Amino acid sequence: MGSTLAEKIMARAAGRDTVTAGEFIVADIDLAMVHDIFAASVFDMLAEVGGGKVFDPDKAVVVIDHLVPAPSAEAAAVHHRIRDHVARLGIDAFYDSGEGISHQLLPEKGHIRPGMMVVGTDSHTTTHGALAAASTGIGTSEMAYVMATGRLWFRVPETIRYELRGSLTRGVSWKDVILALAGRFGSDGAQYRSMEFGGPAVAAAGMSSRLTVSNMGLEMGAKFALFPSDAVTAAYLADRGIEDVAPLEPDGDASYEAEHEMDLSALAPQVALPHEVDNVEAVDDLTDITIQQAFLGSCTNGRIEDLRAAAAILDGRKIAAGVRLLVAPASRGVLSQAIDEGIVATLVEAGASVLPSGCGPCFGGHGGLLAPGERCIGTHNRNFIGRMGSPQAEIYLASPETVAASALAGRIADPREEAANV
Amino acid sequence: MSETGAMMQGRAWKFDHDVSTDLLSPGTYAVDPVEVRMIHTLESISPGFASDVRTGDLVIAGRNFGCGSSRETAAENLKALGVACVVAESLSRLFMRNAVAIGLPVLICAGVHEAFADGDEVAVDLAAGTITSGDGDRRLQGEPLPPEMRDILAAGGILALLDSQTAG
Numbered sequence: 003m004g005s006t007l008a009e010k011i012m013a014r015a016a017g018r019d020t021v022t023a024g025e026f027i028v029a030d031i032d033l034a035m036v037h038d039i040f041a042a043s044v045f046d047m048l049a050e051v052g053g054g055k056v057f058d059p060d061k062a063v064v065v066i067d068h069l070v071p072a073p074s075a076e077a078a079a080v081h082h083r084i085r086d087h088v089a090r091l092g093i094d095a096f097y098d099s100g101e102g103i104s105h106q107l108l109p110e111k112g113h114i115r116p117g118m119m120v121v122g123t124d125s126h127t128t129t130h131g132a133l134a135a136a137s138t139g140i141g142t143s144e145m146a147y148v149m150a151t152g153r154l155w156f157r158v159p160e161t162i163r164y165e166l167r168g169s170l171t172r173g174v175s176w177k178d179v180i181l182a183l184a185g186r187f188g189s190d191g192a193q194y195r196s197m198e199f200g201g202p203a204v205a206a207a208g209m210s211s212r213l214t215v216s217n218m219g220l221e222m223g224a225k226f227a228l229f230p231s232d233a234v235t236a237a238y239l240a241d242r243g244i245e246d247v248a249p250l251e252p253d254g255d256a257s258y259e260a261e262h263e264m265d266l267s268a269l270a271p272q273v274a275l276p277h278e279v280d281n282v283e284a285v286d287d288l289t290d291i292t293i294q295q296a297f298l299g300s301c302t303n304g305r306i307e308d309l310r311a312a313a314a315i316l317d318g319r320k321i322a323a324g325v326r327l328l329v330a331p332a333s334r335g336v337l338s339q340a341i342d343e344g345i346v347a348t349l350v351e352a353g354a355s356v357l358p359s360g361c362g363p364c365f366g367g368h369g370g371l372l373a374p375g376e377r378c379i380g381t382h383n384r385n386f387i388g389r390m391g392s393p394q395a396e397i398y399l400a401s402p403e404t405v406a407a408s409a410l411a412g413r414i415a416d417p418r419e420e421a422a423n424v
Numbered sequence: 012m013s014e015t016g017a018m019m020q021g022r023a024w025k026f027d028h029d030v031s032t033d034l035l036s037p038g039t040y041a042v043d044p045v046e047v048r049m050i051h052t053l054e055s056i057s058p059g060f061a062s063d064v065r066t067g068d069l070v071i072a073g074r075n076f077g078c079g080s081s082r083e084t085a086a087e088n089l090k091a092l093g094v095a096c097v098v099a100e101s102l103s104r105l106f107m108r109n110a111v112a113i114g115l116p117v118l119i120c121a122g123v124h125e126a127f128a129d130g131d132e133v134a135v136d137l138a139a140g141t142i143t144s145g146d147g148d149r150r151l152q153g154e155p156l157p158p159e160m161r162d163i164l165a166a167g168g169i170l171a172l173l174d175s176q177t178a179g
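Protein chains in written order, with this note's numbering: chain C, 3 to 424; chain A, 12 to 179.
Pulled out of the complex, with its shape left as it was, chain C reads as follows:
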């Protein structure tokens, strides 16, 4: 019996020839990421019970991305403590406030390689499955344990295979693919499971699209959301000076708990309605949902490809009166490139406000919070009650194309109509 991608990676991490779904293993951790909400707690815990030293400072990455720039004296004090810890512990891979979102920086700066076992104190750590890394979120106590020992227990998950074929039509993106999957299989449709994407459509998906899909695999409950390591992966890593990346694919006779198919050719733009990510409808089924805020950014859709797609629709036009368009490039590198390409000028002339590179309004920490009764459509990954301020506000999730078209219209709008005019 062959192995799934998850079983292959976990076997290596456990120092075994093979492992099988359902087994408990202790895995060696190749990379451990902590961000500003939890880093100080993790290192405080480490000082108390873990001997105070990181198992290997070269395998730790610290990112200040959630509360940037610090919106309160308390947050500033937390950041200050993190900087002290980082210096004391000798961690070189430290990205301070404004560098970007962890899930963007780890791939962008070349920290992720196929086959790695990665943990992070953020649920969307599944993002790095786009580069065939078994990557998942853990809490602060477990991270303190990892920082002390370099190991963690895992249950080897069952794998669900998603076989994707066909080509996306104009105005439809991979955000729509993962929203459609969430709508079809539910917010717990991959609970405890490893999602594994394959099929002819995957070979044609760029790294940015894969990162979007793996990021939101978590919203279906996934432990990992894995793409194979192929020519797209090798090219992305070669751009970062990482050569000789071996392909990593599941065995042909791997055992799956379930296998699902989807034809992308027939897919319409999708929108997740309040207050669940799996409350998904095609955009053409929605009428007269006015919006007060549109958000373009986050670890899901804050990359240069996303800003380009939105700018193509907004170019030379103005957003509707009464709409606030907030744009948070996922990293300083993305922002810099967007400036070079004239995208920032296009967005600002259309009426956008550009926020610092960070998590921004997505997690409700600060910047772009909503009043009771307000509606926001955003490219991010969660629309839970109270996520962006008032519990009486409504959050809709969609692609960069749909968010841009909606900002122009002042209501949720079909980007295929706008895309036809581009």
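Some hints here could point you the wrong way.
Said to hold, decoys possible - Okay, the calculated bits of chain C under chain A, using three or more residues with CB under 8 Å as the criterion:
{"#": "1", "region": "74 to 83"}
{"#": "2", "region": "148 to 155"}
{"#": "3", "region": "187 to 194"}
{"#": "4", "region": "247 to 260"}
{"#": "5", "region": "289 to 296"}
{"#": "6", "region": "324 to 338"}
{"#": "7", "region": "380 to 388"}
Derived by calculation from the structure, the hints in this document are not laboratory data.
Quick caveat, the model's predicted, so the values are computed rather than measured.
From the three backbone atoms N, C-alpha and C, an ideal C-beta is built for every residue, glycine too.
Mind docking chain A on chain C? Use the hints.
Same frame as chain C, now just chain A:
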């Protein structure tokens, strides 16, 4: 920490499906101390919960309890308020890991959402994986936690386990 086979008995606070970490631990109070955070636990859907829940009470919920973020504070808030155990139709992976890691007992039990009402007296036997009504009329069999997770709970959490390992 008592042995996880111990019975836990108390009032049930019942919640629906997909109770998220944003509800259990709102992001606005993300870096506040637990004394502040716990006051806001579930306030968006159950304003009286944090003030009225008593030590030893239990939480009963539907599918996908604790969905959303990695924030351990979602489990920590419940533990700090005195919740003895969470029994749900299903738990998000992260919530389940975090609860065990900090020593908050959990039980996955099909049918629990339907079988019990808010305010019911219930008893949970973790080792057996059962939940029983106070009058003994209704008993459901859940999925007992695997030994690997029960060991962490019995130690009082993963850091207590680490402490004992390094001390040993």
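Evaluation of the provided hints:
A count of 3 residues in the region 74 to 83 of chain C with a Cβ less than 8 Å from any Cβ of chain A is obtained; the coverage claim is therefore met, three being the minimum. Evaluation of the coverage hint for the region 148 to 155 of chain C: fulfilled, as 3 residues show C-beta separations to chain A shorter than 8 Å, against a requirement of three. For the region 187 to 194 of chain C, the proposed coverage by chain A is satisfied: 4 residues have a C-beta within less than 8 Å of a C-beta in that chain, meeting the threshold of three. Counting residues of the region 247 to 260 of chain C whose C-beta sits closer than 8 Å to any C-beta of chain A gives 0, which falls short of three, so the coverage hint is violated.
Note: the region 289 to 296 of chain C has 0 residues with beta-carbon separation from chain A under 8 Å; the three-residue rule is not met and the coverage is violated. Counting residues of the region 324 to 338 of chain C whose beta carbon lies closer than 8 Å to any beta carbon of chain A gives 0, which falls below the threshold of three, so the coverage claim is violated. Counting residues of the region 380 to 388 of chain C whose CB lies closer than 8 Å to any CB of chain A gives 4, so the stated coverage by that chain holds, three being the minimum.
When each numbered hint is compared with the structure, violations occur for hints 4, 5, 6.
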